[in-house]
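Enquirer: Numbering-wise (the working numbering), the sequence shown opens with residue 1 and increments by one.
For the record, the hints were derived by calculation from the structure and aren't laboratory data. Any given hint might turn out to be false.
Unchecked claim - With a straight-line Cα cutoff of 25 Å, these simulated SDA-like cross-link-like pairs (lysine to any residue) come out:
| id | residue 1 | residue 2 |
| --- | --- | --- |
| 1 | K47 | A37 |
| 2 | K84 | N40 |
| 3 | K65 | Y46 |
| 4 | K84 | D30 |
| 5 | K47 | I19 |
| 6 | K32 | L13 |
| 7 | K89 | I19 |
| 8 | K65 | I45 |
| 9 | K65 | S53 |
| 10 | K71 | Q58 |
| 11 | K49 | K65 |
| 12 | K32 | N43 |
| 13 | K57 | E68 |
| 14 | K71 | N43 |
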Amino acid sequence: MEEIQDTLRIIALIISGCITVISAYNTFFDNKGMWIAYNNALNEIYKLKLEISFAEKQGVPVDDKTIESFKNQYQDILDKVNNKWTESKSK
Numbered sequence: 001m002e003e004i005q006d007t008l009r010i011i012a013l014i015i016s017g018c019i020t021v022i023s024a025y026n027t028f029f030d031n032k033g034m035w036i037a038y039n040n041a042l043n044e045i046y047k048l049k050l051e052i053s054f055a056e057k058q059g060v061p062v063d064d065k066t067i068e069s070f071k072n073q074y075q076d077i078l079d080k081v082n083n084k085w086t087e088s089k090s091k
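Required output: the full structure, derived from the provided sequences and hints.
Expert: Okay, structure coming up:
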């Protein structure tokens with residue numbers, strides 16, 4: 001009888017250890033949250049690419065101001081993703 005109780009205690013300890021490891025993994029990697037952030041960034045990059053293509057097709061003059069505007073939009077997209085990554089790692 002005592003042997004069964006010891007075995008059950010060991011099994012319970014192993015299970016609780018596994019749950020702790022899985023929970024830590026999910027918290028650290030935040031796969032779903034990062035997938036959403038990367039997907040949003042990709043959609044924003046597609047939108048920016050469309051804006052650039054549309055401007056080219058309309059014959060909009062590409063001066064330094066326009067290039068700087070596109071660069072800033074691209075940098076904002078990257079900053080959002082990096083901030084999301086940093087935020088997910090600091091939890």
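Enquirer: Where does the structure disagree with the numbered hints, that is, which hint numbers, in rising order?
Expert: Violated: hints 5 and 6.
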